[in-house]
Amino acid sequence: MGAGVKKERSFPMRSPVNWTVLGLVIERSSYGFELWKRYERLYGDVVPIGSESNIYAALNALKDKGLIEEVEGSRTIVVGASRQPKPHYRVTEEGVRAYEAWVIAQAREHSRRSLQFARQLGALAQQPHMALAILERYERACLDDKGARIPTTVEFPARVVPGLGDRLASAYGRNAIAATLGWIEYARREFAALAGGKDPHESA
Amino acid sequence: MSLLELRRVSKSHLHRSRRVEVLREVSLEIDVGELVAVWGLRRSGRSTLLAMAAGVDQPDAGEVLFDGVDLNGRGATALGDGVGYCRQGVGVPNGRTVTDNVRAGLLARGVQVPDAHLRAHRALERVGVEPCGELMLGDLDGAEAVRVAIACALVLGPRLLVIDEPTKGVDLLQRDEIVLLLRSLADDGIAILVSDGDGSGLSDADRSLSLAGGELRGKTSPQAGDLLPLQRARGRSTAA
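Chains as they are written, first to last, in the numbering used here: chain C, 1 to 204; chain W, 1 to 240.
Since the hints were derived computationally from the structure, they do not count as laboratory data. Cβ coordinates follow ideal geometry from the N, Cα and C atoms, glycine included. Any given hint could turn out to be false.
What the hints assert, rightly or not - Among chain C residues calculated to face chain W with C-beta under 8 angstroms, some are:
#1 R41
#2 A141
#3 L168
#4 G173
#5 N175
#6 L181
#7 E185
Unchecked claim - Beyond 10 angstroms from chain C on every Cβ pair, some chain W residues (computed):
#8 R16
#9 E25
#10 S27
#11 E29
#12 S47
#13 V69
#14 Q88
#15 D176
#16 D188
#17 S208
#18 S210
#19 G213
Unchecked claim - Far from chain C, by Cβ distances over 10 angstroms, these chain W residues were calculated:
#20 S2
#21 R8
#22 H15
#23 V20
#24 Q58
#25 D60
#26 E130
#27 K168
#28 A212
#29 R217
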């Protein structure tokens with residue numbers, strides 16, 4: 001192992017694309033093109049990646065950090081074969097541990113951002129009509145959100161548990177919508193009271 | 001003209017000696033083949049709204065039109081005559097089998113026993129609980145009870161199905177199946193209005209609305225770009 005690789009490993013990996021690709025490799029060992037297709041289907045709408053070449057850049061970064069490794073023999077050229085060899089990648093033990101830590105950190109980040117949004121809206125106590133308008137737009141976006149549709153038509157060939165990620169995402173979306181709509185109604189009552197010149201908790 | 005149209009409907013209830021305005025000039029249109037979900041907190045008036053839409057309760061003000069005809073003058077007679085209504089739960093056990101319950105509506109309308117039995121069987125099959133036909137209502141789990149309730153309405157060949165909280169009391173993992181059943185019924189051309197308290201019913205709806213403070217928010221009528229359900233439904237049979 002050279003000094004360059006050690007230096008590379010010591011840097012925290014911030015790219016969400018790299019972490020997402022690592023998740024795909026954890027789900028199933030694979031090669032670049034297949035990973036790109038899977039990425040596009042599962043994450044293309046939430047973490048857009050653009051070209052296929054970004055997958056290879058991510059794979060290189062993950063390999064340099066020791067989070068994935070090339071499957072031995074997958075690059076071997078078979079004499080007489082018409083196709084180019086496709087290097088397959090699998091996750092290392094370090095990769096699985098790092099992914100677990102990153103997913104937990106993501107959940108915390110999501111919670112932190114929600115709190116941040118709620119408090120930022122609270123800054124509009126003197127402009128309740130503006131806050132009410134924001135809430136209305138937010139509610140409309142939630143009601144129009146089709147991200148929580150139940151997956152039915154997509155086929156899931158060769159996946160360990162077919163469609164699990166899609167089902168989890170769908171269930172998460174539905175629960176989140178209900179919770180968000182409930183929160184919007186709470187916030188609306190607070191700001192409506194302020195707009196009417198009342199202390200929203202005066203009767204509490 | 002939409003299949004169901006609520007025009008500036010208002011309704012108030014007496015709650016602990018106070019009059020509470022549950023619905024304030026609520027308007028809503030639902031087209032053939034549309035699945036529309038109304039989300040609301042407890043006591044938001046979502047069940048009241050659905051009872052109005054099904055014609056089983058009358059508004060204090062405003063109109064409820066089904067296929068252009070005011071339901072106000074027809075009361076509960078609209079049920080089974082184009083409108084199917086499922087209140088929460090399948091009803092109390094009554095000592096009769098599921099099939100008996102499903103065919104009861106047909107027999108009450110003078111359908112002969114063999115025909116009623118066949119149609120009840122088909123309705124149960126359509127909603128996926130055909131093997132439960134000889135069970136008693138009390139033997140059903142939450143998801144089966146909802147499906148049977150839908151079958152009771154479906155057997156009469158409704159063009160509009162109004163269902164109060166179809167996923168309430170249903171096991172978490174089975175809620176998806178209920179929602180997908182409703183989606184498929186809408187795809188068959190039935191207009192469906194459901195209420196929802198936990199978000200489960202919103203996912204596959206053509207339009208999701210929220211009800212709070214007596215006001216209905218969201219797309220309360222089919223938009224120009226949302227006519228796919230209508231086109232999808234045209235020409236399809238709705239009878240079970």
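Handout entry: Closest CB of chain C to the CB of W/S47 still more than 10 angstroms away
Key = 17 angstroms, holds
Problem - W/D188 non-interfacial with respect to chain C [C-beta, more than 10 angstroms] - result: About 16 angstroms separates W/D188 from the closest Cβ of chain C, which puts it past 10 angstroms; holds.
Handout entry: Non-interface label on W/D60, tested against every C-beta of chain C at 10 angstroms
Key = 24 angstroms, holds
Handout entry: Residue hint C/N175, partner chain W, criterion CB-CB below 8 angstroms
Key = 6 angstroms, holds
Exercise for the section: Please settle this one: W/Q88 was flagged as non-interface, so is its CB more than 10 angstroms from every CB on chain C? Expected result: 17 angstroms, holds
Practice task
Classify the label on W/S208 as holds or violated, using whether its beta-carbon is more than 10 angstroms from each beta-carbon of chain C.
Solution key: Not fine: 4 angstroms to the nearest Cβ puts W/S208 too close to chain C.
Problem - Interface exclusion of W/G213 relative to chain C, criterion Cβ beyond 10 angstroms - result: It is violated; W/G213 is separated from chain C by about 8 angstroms at its closest Cβ, not greater than 10 angstroms.
Exercise for the section: Report holds or violated for the interface hint on C/L181, using the least CB-CB distance to chain W and a cut-off of 8 angstroms. Expected result: Since the shortest Cβ distance to chain W is 5 angstroms, the answer is holds.
Practice task
Classify the hint on C/E185 as holds or violated, based on whether any CB of chain W lies nearer than 8 angstroms to its CB.
Solution key: 5 angstroms, holds
Problem - Distance rule for W/V69, whose beta carbon must clear each one in chain C by more than 10 angstroms - result: 30 angstroms, holds
Handout entry: Reported absence of W/E29 from the contact zone with chain C (all CB gaps over 10 angstroms)
Key = For W/E29, whose nearest Cβ neighbour in chain C is about 16 angstroms away, the distance exceeds 10 angstroms, so it holds.
Problem - Closest C-beta approach of C/R41 to chain W relative to 8 angstroms, hint status - result: For C/R41, the interface hint is violated, since the closest Cβ of chain W sits about 19 angstroms away, which is over 8 angstroms.
In this structure, the hints that do not hold are numbers 1, 2, 3, 15, 17, 18, 19, 28, 29, in rising order.
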